[in-house]
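Full structure from sequences and hints, please.
The chain contents come next:
There are 2 protein chains.
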Amino acid sequence: MEQKSIPDIVVGRLPIYLRALQRMAEDNQRLTSSQELSERLGISAAQIRKDLSQFGEFGKQGTGYNIEFLVDQLRQILKVNRVWDIAVIGAGDIGSAVARYQGFSNRGFRVTMIFDIDPGKIGTHVGPFVVQDYATMSGAISEASIRVAMVAVPAMSAQRVAEDLVKAGIKAILNYAPININVPEGIYVQHTDPVTHLQRMTYYLE
Amino acid sequence: MEQKSIPDIVVGRLPIYLRALQRMAEDNQRLTSSQELSERLGISAAQIRKDLSQFGEFGKQGTGYNIEFLVDQLRQILKVNRVWDIAVIGAGDIGSAVARYQGFSNRGFRVTMIFDIDPGKIGTHVGPFVVQDYATMSGAISEASIRVAMVAVPAMSAQRVAEDLVKAGIKAILNYAPININVPEGIYVQHTDPVTHLQRMTYYLE
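In the order they appear, the protein sequences are chains A and B. If you read the first sequence in this note's numbering, its first letter stands for residue 1, the second for the next number, and so on. If you read the second sequence in this note's numbering, its first letter stands for residue 1, the second for the next number, and so on.
Treat the hints loosely; a few may be bogus.
Stated by the list, open to error - Straight-line alpha carbon distances no greater than 20 Å define the calculated EDC-like cross-link-like pairs of lysine to aspartate or glutamate that follow: (1) Lys167/B to Glu206/A; (2) Lys167/A to Glu57/B; (3) Lys79/B to Glu57/B.
Just so you know, the hints here were simulated from the structure itself, not pulled from any lab data.
Structure (structure tokens):
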């Protein structure tokens with residue numbers, strides 16, 4: 001199933017398809033179609049068929065897609081047919097909320113540790129976790145071979161934290177700090193910031 | 001400054017440029033260049049010049065961009081040269097964290113109310129807000145002429161909440177629930193889900 005040169009924008013739609021398909025599976029639905037997915041997701045049926053066809057032949061003309069099979073395939077393609085442990089950096093409001101987030105289960109991820117630099121937070125509980133000292137982060141991440149981190153620290157600290165994470169072996173960073181962070185080639189970053197999302201919509205408002 | 005037919009993907013990059021430029025302005029920087037923005041953002045300088053040129057002539061060959069002027073222009077274009085009030089729906093971990101989020105100020109938004117359906121949460125405090133009864137939401141939003149909402153409710157409730165919000169006059173919804181929601185034409189939705197971000201990165205990992 002290894003493929004080269006799939007555009008990242010196509011890769012970015014696969015998790016959206018997977019999420020919708022997993023929800024259908026939870027509702028005990030067995031079959032779907034590009035038309036039904038299109039109505040749920042607001043993406044054209046032609047685009048959905050084209051995206052999926054880049055990875056193989058998943059549907060049959062006239063009968064549509066077998067949901068369980070397509071879920072399995074997408075989980076393999078996205079490498080979430082396993083569970084990735086996550087380290088959360090920053091035990092403020094956002095870091096604590098994502099550490100306690102219930103939505104990771106059955107989707108390929110679980111938080112296993114959370115760190116902060118604030119002596120007032122170290123040792124306190126966040127959900128089932130004890131906040132660990134940032135000074136011990138690199139060792140703990142290396143030892144546990146963690147590859148995925150979520151960064152929820154102030155903007156001014158985010159770049160330094162990212163550099164420490166990369167040195168510790170992290171390959172994928174979801175950054176909640178409202179600043180762009182730069183990482184070496186072969187390391188992946190996604191940024192999430194409510195304000196950039198909101199501004200993208202206010203552009204269209206009167 | 002009204003423009004037609006700017007691709008949404010270009011619109012989506014403007015908040016990223018604005019965020020970087022505002023940060024430079026906070027550091028008392030006066031001028032920048034597409035090259036410097038490119039290095040900060042990992043977007044090519046040619047792309048940045050092309051994106052900005054769709055909205056006007058902002059830079060001079062050889063002297064670059066005046067940061068204060070470009071910030072003003074981008075704030076106008078994105079309609080954040082004003083402050084949009086936000087209603088937050090859902091006072092769980094995520095809703096509470098975004099309601100308390102300090103990163104809205106000076107970026108065009110402020111949270112002004114938060115609602116929940118849980119009698120155990122109604123009347124409690126989230127930061128400076130008292131959680132209001134979901135039953136009173138439509139009236140409160142209409143009366144205050146609020147146009148922007150953030151939805152942080154369980155997936156199974158998100159579509160119904162979105163429909164209630166649209167009826168109350170909301171035009172832009174940032175959805176934290178891990179499910180796609182459908183809205184009528186002329187209403188805007190952005191989805192944010194840590195798992196879809198993470199899966200987009202694990203695709204590339206070994």
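Given the hint that Lys167/B pairs with Glu206/A, test it: the Cα-Cα distance must not exceed 20 Å.
Holds: Lys167/B and Glu206/A sit about 18 Å apart, inside 20 Å.
Under the criterion that the straight-line Cα-Cα distance not exceed 20 Å, is the pair Lys79/B, Glu57/B satisfied?
Roughly 19 Å separates the two Cα atoms, so the pair holds.
Is Lys167/A close enough to Glu57/B, meaning Cα to Cα at most 20 Å?
violated (42 Å)
Checked against the numbered hints given earlier, the structure breaks only hint 2 and satisfies all the rest.
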